[in-house]
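Start from the sequences, fold in the hints, and give me the full structure.
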Amino acid sequence: MSENGHTTNGAVKLTRKDFQTDQEVRWCPGCGDYSILAQVQKVMPELGIPKEKIVFISGIGCSSRFPYYMNTYGFHTIHGRAPAFATGVKVANPDLQVWVITGDGDALSIGGNHFIHALRRNVDLKIILFNNRIYGLTKGQYSPTSELGKRNKSAPMGTIDYPINPLSLAFAAEATFVGRSLDVDPKHLAMMIERLAAHKGSGFLEVYQNCNIFNDGAFKSFNEREVKEDRMIQLEHGKPLVFGKNKDKGIRLNGVTPEIVTIGETGITVDDILVHNENAHEPNLPYILGRMQFPEYPVPMGVFRVIERPTYEQMLAGQISTAVETKGAGSLEKLINSGETWVIN
Amino acid sequence: MSATTLEESITNTKLPIEELEAVTIRFAGDSGDGMQVTGGQFTATSAIIGNDISTLPDFPAEIRAPAGSLPGVSGYQLNFSSRDIRTPGDEPQVLVAMNPAALKVNIKDLEPGGILVLNTDEFNDGNLKKAGYAANPLNDGSLSGYRLFQIPITSLTLKALENSSMPFKQQERCKNFYALGLMYWLYDRPMEPSLKWIEEKFGAKPEVAEANAMALKAGYNYADTMELFTTHYHVGKAQIRPGKYRNITGNEATAIGFITASQLAGRPIFYGSYPITPASDVLHELSKHKNFGVKTFQAEDEIAAIGAAIGAAFAGHIGLTGTSGPGVALKSEAIGLAVMTELPLIVIDVQRGGPSTGLPTKTEQADLLQAMFGRNSESPVGIVSPATPGDCFRMAIEAVRLATKYMAPVFFLSDGYLGNGSEPWEIPSLDSLPEMKVNFRTEAEGFFPYLRDEKTLARPWAIPGTPGLEHRIGGIEKQNITGNVNYEPDNHDFMVRLRAEKIQRMQQDIPPIDVFGAPEGKVLVLGWGSTYGAITTAVEHMREQGHAVSSAHLRYLNPFPSNLGEVLKGFETVIVPELNLGQLCMLIRAKFLIDAVSFSQVRGKPFKVSSLVNKIKEYL
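Chains as they are written, first to last, in the numbering used here: chain F, 47 to 391; chain P, 138 to 757.
Since the hints were made in silico from the structure, they are not lab data. Heads up, the beta-carbon is just placed ideally off N, CA and C, and yes, glycines get one too. Check each hint, because a few of them may be wrong.
Claimed, not checked - Okay, derived cross-link-like pairs now, DSSO-like style, lysine-lysine, Cα gap no bigger than 30 Å in a straight line:
#1 F:K373 x P:K241
#2 F:K274 x F:K295
#3 P:K266 x P:K342
#4 P:K659 x P:K706
#5 P:K542 x F:K99
#6 P:K333 x P:K374
#7 F:K246 x P:K427
#8 F:K99 x P:K333
#9 F:K99 x P:K659
#10 F:K373 x P:K374
#11 P:K542 x F:K97
#12 F:K373 x P:K574
#13 P:K241 x P:K296
#14 P:K381 x F:K373
#15 P:K333 x P:K381
#16 F:K380 x P:K574
#17 P:K342 x F:K380
#18 P:K659 x P:K381
#19 F:K285 x F:K233
#20 F:K97 x F:K59
Said to hold, decoys possible - Per label pair, the in silico range of CB-to-CB distance:
#21 F:K199 x P:E625: 28 to 36 Å
#22 F:T368 x P:P153: 34 to 42 Å
#23 P:E614 x F:T61: 31 to 39 Å
Shown next as structure tokens:
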């Protein structure tokens with residue numbers, strides 16, 4: 047950006063307001079979704095992409111109302127299928143920046159299949175999953191990320207479904223960008239959205255989001271101000287996994303099991319602490335980190351993995367160019383006259 | 138080529154040539170026996186020498202059921218004629234059965250006195266037992282009603298290839314070409330087209346090409362020199378309209394038709410599909426033509442396939458998805474979204490026997506009501522249906538023309554018989570195709586996403602990437618014009634009726650239905666889809682006998698052509714033959730309040746002309 051309010055390519059610099067719509071936002075007051083919307087609208091102008099080239103696509107659920115509030119192109123589709131619609135949009139026009147807004151029920155339950163396959167194909171989609179560990183729009187049933195035993199509308203005696211870990215699934219599906227953030231830390235969230243936007247390929251950002259109506263305080267055991275430094279750990283590329291108010295705790299690997307150690311105790315130095323490498327080609331280490339949960343471990347926040355590989359739409363465009371180069375641009379006359387032909391006089 | 142050329146072999150022959158008008162022949166064998174290739178080759182050659190042809194491949198759902206078993210039998214029937222024909226024939230006059238199971242499955246269809254060629258090598262105890270024969274039919278007199286030719290095809294093939302370096306198993310696989318050679322001699326066909334095909338197909342493996350060519354020639358020469366048959370037959374050229382022709386299957390014509398439509402519209406195709414019988418060949422064919430900018434996407438499931446196609450349509454491509462009935466069931470919710478968001482989308486349904494998995498490789502027309510109504514709430518779509526394999530080309534263009542002009546989903550209802558069946562197709566002149574260039578909205582001034590074209594009620598196609606037209610669409614009810622989310626009762630009532638009216642207005646762009654025969658009379662036979670050939674042949678036959686019977690064929694099923702009501706009024710009785718339990722008949726009765734008669738059959742096979750004739754006679 048230049049200082050006169052114009053981007054380097056001469057376009058007028060957009061502001062947060064440019065990305066707001068005239069539609070009344072209808073989430074419950076106090077919902078974590080407001081924070082995510084605010085950060086996305088704040089980050090958008092910084093990306094330098096004209097808003098007509100941005101598309102927000104969602105499925106069904108509270109989070110999926112998101113596109114109505116973004117003054118870009120938007121498509122509120124059907125339950126769980128947003129990645130499929132987004133794939134069609136991106137493949138049809140690779141110039142567009144395509145975002146998918148989804149929730150834990152939308153992406154991991156009804157849409158689990160599409161979530162996996164969009165990630166594995168490495169379509170250049172920016173997927174943000176609002177994880178509140180509950181079904182909000184249908185008023186309080188358990189979701190695939192609800193903890194075992196949680197009591198709720200559809201499980202009055204507690205759920206007997208083991209939850210799924212969204213990050214584990216994303217690694218298994220070969221996602222090329224995997225990150226996590228949370229609604230109550232706007233600065234971190236904005237940074238993660240920027241990182242996701244900058245990635246070319248299938249990107250997945252899980253955002254812990256509080257549903258203050260049906261699952262209030264789902265994450266407060268580790269994200270409240272007074273405990274968060276001891277109960278969360280910030281992932282930074284190339285740096286040791288150190289955490290705690292006094293920065294004296296760290297994660298050490300014992301075989302393939304992470305363990306919490308204290309620097310300075312029993313001869314442990316910072317050199318013993320695992321160093322984070324978000325660019326590791328194999329997702330083994332980030333997978334181990336993604337499994338760390340409170341209270342056994344501090345909860346990691348940040349970018350777990352980011353690697354580069356050709357995207358689906360690039361490879362498809364490449365095949366089309368190759369076909370045109372080798373066979374020539376398609377000729378209808380040739381096409382309909384192909385195969386064995388004969389003339390009747 | 139061998140030293141003896143085709144011309145020589147025909148002139149040299151001492152046997153008489155008998156002239157026939159038409160022959161229906163069926164090749165049957167194990168699914169690994171290559172009967173589809175044999176039938177396909179006989180078809181291509183017959184077309185090239187000027188016969189009219191119509192084919193019916195009939196193969197099992199199992200890729201390789203146990204060799205020699207009844208479920209593993211694969212067949213290919215074709216009718217070739219010196220007259221204009223429209224069906225693959227009712228009963229074959231010739232059956233080539235490569236093993237006992239093929240005989241068992243097909244013998245009941247062979248006409249009395251018909252030619253029966255059996256590969257005797259396969260009539261061993263094991264195969265007879267697998268086919269459920271207690272006694273060997275070659276010896277028990279049960280085949281005495283046919284002109285039986287017992288030929289050890291397998292061992293003759295192996296003998297012909299004794300100098301080949303190919304493994305024994307592979308040599309044996311050439312027996313389908315040996316059988317083809319026999320039939321080429323019997324019906325006086327040239328071998329050149331197949332020899333050329335073998336060369337092209339197996340050119341990379343010269344020993345395979347050579348072996349198949351040798352088997353073909355050996356079969357031909359065997360029939361010639363052994364004077365196996367007492368006569369051979371000639372079926373002359375048909376009086377076919379002058380023009381340039383090629384043989385084409387319905388699925389090929391579908392793919393080529395959609396590519397043509399995309400070129401006419403000036404927008405690339407996006408084809409989202411999940412493999413399913415009998416629609417997969419459309420995916421295969423389209424994926425070959427990436428140099429037209431065709432984007433094919435093999436999705437993780439049926440829902441993703443249509444979802445991506447709708448996404449691509451939103452972004453300005455010609456969005457297509459293709460499947461069969463079970464896949465349509467999975468796509469229903471997404472089709473509803475395309476109705477709600479008023480995006481052009483084409484759903485190709487190559488229908489097959491159902492319900493559920495049903496008869497995957499057999500034909501049926503029982504998805505009409507699914508296409509009409511198979512979604513939640515009021516969810517109208519356009520429906521077109523091709524009448525013949527070649528007509529798939531034209532109706533594909535029509536589907537795109539209507540979908541893009543009216544901004545609405547359109548169904549393309551093909552079926553297994555059309556998709557896999559083939560016919561000579563008169564290659565159209567490109568100038569004869571409709572103008573249908575697509576225009577996107579680009580003007581920001583006065584734009585709303587649900588503005589209406591006065592004549593068509595279409596909303597603007599405003600694609601992402603266009604400055605100033607940023608807007609949001611989705612499955613929640615929309616306010617007309619603004620496109621904003623709206624839950625008001627009056628608005629919903631208005632919008633439901635508007636979406637219905639928009640589909641109805643497609644009638645403005647649909648040609649009137651033609652009547653074959655007189656516009657008035659005793660009986661009108663009203664059909665749709667792949668029954669065209671059988672119905673027209675039956676009605677032609679009745680008319681030649683002086684009966685007041687006419688027929689009309691619907692290629693546009695929703696909306697109906699505007700003159701349909703008038704046409705129906707001209708007849709005392711309307712008979713509606715369908716390969717379902719009367720779905721079009723139900724619509725006709727409901728819409729026009731006439732006592733239409735349903736004639737239904739759901740056997741996984743097309744109608745026989747004779748059964749239609751018998752039905753029509755009941756009403757004369």
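| field | Distance restraint between K333 of chain P and K374 of chain P, which requires alpha-carbon spacing of 30 Å or less | value | 22 Å, holds
| Given the proposed pairing of K274 of chain F with K295 of chain F, does the C-alpha separation stay at or below 30 Å? | 13 Å, holds
| said: Checking one constraint from the list: CA of K659 of chain P to CA of K381 of chain P, max 30 Å. Satisfied? | reply: Violated. K659 of chain P to K381 of chain P sits at ~38 Å, over the 30 Å cutoff.
| Given pair status - K233 of chain F, K285 of chain F, alpha carbons within 30 Å | 20 Å, holds
| message | Holds or violated: K659 of chain P and K706 of chain P, Cα atoms, limit 30 Å. | response | Between K659 of chain P and K706 of chain P the Cα gap is close to 11 Å, so the pair holds against 30 Å.
| query | Given the proposed pairing of K99 of chain F with K333 of chain P, does the C-alpha separation stay at or below 30 Å? | reply | With Cα atoms ~52 Å apart, K99 of chain F and K333 of chain P exceed 30 Å; violated.
| task | Quickly compare the C-alpha distance for K97 of chain F and K59 of chain F to 30 Å and report which way the hint goes. | result | 11 Å, holds
| field | Agreement of K373 of chain F and K574 of chain P with the hint, judged by alpha carbon distance not exceeding 30 Å | value | 25 Å, holds
| Holds or violated: K542 of chain P with K99 of chain F, Cα cutoff 30 Å? | 25 Å, holds
| request: Please work out if K333 of chain P and K381 of chain P have their alpha carbons no farther apart than 30 Å. | output: Status holds; Cα separation ~20 Å.
| said: Taking 31 to 39 Å as the stated bounds, is the beta-carbon spacing between E614 of chain P and T61 of chain F within them? | reply: 32 Å, holds
| said: Hinted pair, alpha-carbon criterion (30 Å max): K266 of chain P, K342 of chain P. Please report holds or violated. | reply: 37 Å, violated
In the structure shown, a violation is registered for the earlier hints numbered 1, 3, 8, 9, 10, 18, 22, in ascending order.
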